[in-house]
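Chain residues, written in single-letter form:
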Amino acid sequence: MFAAENGLKGDPRLQGISEAIRVVPGFPKPGIMFQDITPLFLDHKVFKDTVDIFVDRYRDMGISVVAGVEARGFMFGPSIALAIGAKFVPLRKPGKLPASVISEQYVLEYGTDCLEMHVGAVQPGERALVIDDLIATGGTLSAAIRLLERMGAEVVECACVIGLPEVKGQCRLRGKPLYILVEPRDIDCCQGM
Amino acid sequence: MSAFRDQDPRIHGIQTKIRVVPDFPREGIMFQDITTLLLDPKAFKDTIDLFVERYKGKNISVVAGIEARGFIFGPPIALAIGAKFVPLRKPKKLPGEVIKEEYVLEYGSDCLEMHVGAVSAGERALVVDDLIATGGTLRAAMNLLERAGAEVVECACVIELPDLKGRERLNGKPLYVLVESH
Numbered sequence: 001m002f003a004a005e006n007g008l009k010g011d012p013r014l015q016g017i018s019e020a021i022r023v024v025p026g027f028p029k030p031g032i033m034f035q036d037i038t039p040l041f042l043d044h045k046v047f048k049d050t051v052d053i054f055v056d057r058y059r060d061m062g063i064s065v066v067a068g069v070e071a072r073g074f075m076f077g078p079s080i081a082l083a084i085g086a087k088f089v090p091l092r093k094p095g096k097l098p099a100s101v102i103s104e105q106y107v108l109e110y111g112t113d114c115l116e117m118h119v120g121a122v123q124p125g126e127r128a129l130v131i132d133d134l135i136a137t138g139g140t141l142s143a144a145i146r147l148l149e150r151m152g153a154e155v156v157e158c159a160c161v162i163g164l165p166e167v168k169g170q171c172r173l174r175g176k177p178l179y180i181l182v183e184p185r186d187i188d189c190c191q192g193m
Numbered sequence: 001m002s003a004f005r006d007q008d009p010r011i012h013g014i015q016t017k018i019r020v021v022p023d024f025p026r027e028g029i030m031f032q033d034i035t036t037l038l039l040d041p042k043a044f045k046d047t048i049d050l051f052v053e054r055y056k057g058k059n060i061s062v063v064a065g066i067e068a069r070g071f072i073f074g075p076p077i078a079l080a081i082g083a084k085f086v087p088l089r090k091p092k093k094l095p096g097e098v099i100k101e102e103y104v105l106e107y108g109s110d111c112l113e114m115h116v117g118a119v120s121a122g123e124r125a126l127v128v129d130d131l132i133a134t135g136g137t138l139r140a141a142m143n144l145l146e147r148a149g150a151e152v153v154e155c156a157c158v159i160e161l162p163d164l165k166g167r168e169r170l171n172g173k174p175l176y177v178l179v180e181s182h
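Going line by line, the protein sequences match chains A and B. Residue 174 in the UniProt record's numbering is what sits at position 174 of the first sequence, and the numbering runs on without skipping anything. Residue 117 in the UniProt record's numbering is what sits at position 117 of the second sequence, and the numbering runs on without skipping anything.
The hints are simulated quantities; they were obtained by calculation from the structure and are not laboratory data. Ideal Cβ positions, reconstructed from N, Cα and C, are used throughout, including at glycine. Treat the hints with care, as some may be off.
[Unchecked claim] Cut-off 30 Å, straight-line C-alpha distance, at most; resulting in silico cross-link-like pairs (DSSO-like, lysine-lysine):
1. 93(B) <-> 173(B)
2. 90(B) <-> 29(A)
3. 45(A) <-> 56(B)
4. 176(A) <-> 45(B)
5. 45(A) <-> 93(B)
6. 165(B) <-> 56(B)
7. 48(A) <-> 42(B)
8. 9(A) <-> 48(A)
9. 93(A) <-> 93(B)
10. 92(B) <-> 173(B)
11. 93(A) <-> 45(B)
12. 42(B) <-> 58(B)
13. 29(A) <-> 100(B)
14. 45(A) <-> 92(B)
15. 92(B) <-> 48(A)
16. 176(A) <-> 42(B)
[Said to hold, decoys possible] Going by beta-carbon spacing under 8 Å, a handful of chain B positions derived as facing chain A:
17. 21
18. 24
19. 45
20. 68
21. 71
22. 72
23. 76
24. 84
25. 85
[To be verified] What the simulated footprint calls covered on chain A by chain B, stretch by stretch (three residues with Cβ under 8 Å from a Cβ of chain B suffice, anywhere in the stretch; the number is not a length):
26. 17-28
27. 32-42
28. 45-52
29. 78-85
30. 92-102
Using the sequences provided together with the hints, build the complete structure.
Below, the structure written as structure tokens:
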């Protein structure tokens with residue numbers, strides 16, 4: 001569900017966040033309108049607002065794990081984890097984590113990919129948040145949810161800055177609530193960096 | 001400079017949370033795994049606090065983090081000191097116009113990229129990564145920032161492997177680390 005429909009309607013911070021997203025056509029391949037969040041980190045106020053919105057939502061939910069999806073989930077997740085007193089768990093592409101891992105495969109448009117988490121990073125019964133910059137089909141986030149659940153954690157919510165049209169109208173992913181700050185930007189209304 | 005030598009009481013807790021994984025990614029390498037540090041909220045907070053205490057109020061407007069573990073430490077530091085965060089990425093990950101800096105590996109070479117326009121001339125910058133080994137990646141990072149006209153104030157890492165002498169390869173720029181591993 002979008003933040004504007006869930007208590008943040010008219011919140012001026014959301015407009016700043018939306019305007020900080022840069023659309024890059026034809027990346028990584030022709031036909032794709034890539035939603036680039038890197039300008040968000042160039043504006044300290046907007047970056048702080050983004051983290052504050054998530055922290056305000058999650059601080060009293062008894063969450064002990066923030067799991068961030070490589071690599072853009074690493075840019076948001078740790079700040080949120082630090083502010084709410086939770087641990088941060090990186091979910092990574094294959095072969096990056098050095099110790100014993102569990103792996104979860106997921107489907108791409110063509111082929112499959114894989115997400116890994118360290119064994120022992122989460123304990124059964126822990127309440128977890130999953131973070132990524134953007135949700136499109138939900139394939140990656142579904143794999144993230146499965147990894148946490150396989151270790152016995154309870155995924156409380158999945159949080160993203162941007163939600164693509166594929167998820168509009170969907171409030172849940174694998175039965176888990178989604179929380180999304182903004183919709184994607186159109187190319188016409190955005191400024192360069 | 002190493003905070004270890006200052007014997008800040010938080011350093012011991014941080015050091016004990018770093019896990020050494022033998023033979024990763026190849027036989028003979030003792031990999032310094034910081035993910036276990038991130039599992040301890042107090043130790044992770046102490047890590048960030050040590051950097052923030054050093055850099056707050058020093059007019060640093062850019063924290064550049066090296067993919068991917070630099071993305072874990074860099075943004076919280078940037079947030080706390082009022083700076084922007086700039087990701088320095090492997091090739092083809094950043095959309096739009098980039099500048100590239102190649103650097104040498106043990107076998108072959110690799111490349112680091114930064115967005116054009118991320119940094120303005122005259123900005124004071126910090127480079128952050130989890131670990132410095134030979135210093136090749138950090139030097140490439142510094143070169144990117146300097147090519148954009150920024151002044152690199154310091155490189156900051158959680159861990160240094162002093163035996164690899166990376167500190168000497170930073171074009172005379174200072175290095176600040178929390179722990180050393182021999």
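Next on the checklist: If you count the residues of the region 17-28 of chain A with a beta-carbon closer than 8 Å to a beta-carbon of chain B, do you get 3 or more?
Outcome noted: holds (count 4)
Next on the checklist: Please verify whether residue 176(A) and residue 45(B) have alpha carbons no more than 30 Å apart.
Outcome noted: Distance ~29 Å between residue 176(A) and residue 45(B) Cα, so the pair holds.
Checklist entry - When the nearest CB of chain A is found for residue 24(B), is that gap smaller than 8 Å? => result Status holds, d = 4 Å.
Next on the checklist: Interface hint check: residue 21(B), Cβ to nearest Cβ on chain A, cutoff 8 Å. Holds or violated?
Outcome noted: 4 Å, holds
Item to check | Given hint residue 45(B) paired with residue 93(A) - CA-CA distance at most 30 Å | outcome: 26 Å, holds
Checklist entry - Is residue 93(A) close enough to residue 93(B), meaning Cα to Cα at most 30 Å? => result 14 Å, holds
Checklist entry - Taking only the CA atoms, is the gap from residue 45(A) to residue 93(B) under or equal to 30 Å? => result 25 Å, holds
Next on the checklist: For residue 48(A) and residue 42(B), compute the direct alpha-carbon distance and say whether it is at most 30 Å.
Outcome noted: Satisfied, since the Cα-Cα distance of roughly 21 Å is no more than 30 Å.
Item to check | When the least beta-carbon distance from residue 45(B) to chain A is tested against 8 Å, hint result | outcome: 6 Å, holds
Next on the checklist: Would the hint linking residue 176(A) and residue 42(B) be met if the CA-CA limit is 30 Å?
Outcome noted: 29 Å, holds
Next on the checklist: Checking one constraint from the list: CA of residue 42(B) to CA of residue 58(B), max 30 Å. Satisfied?
Outcome noted: Between residue 42(B) and residue 58(B) the Cα gap is close to 25 Å, so the pair holds against 30 Å.
Next on the checklist: Let's test the interface hint: is any C-beta of chain A closer than 8 Å to that of residue 71(B)?
Outcome noted: This interface hint holds because 4 Å falls under the 8 Å limit.
Against the hints set out earlier in the document, no violation occurs for any number.
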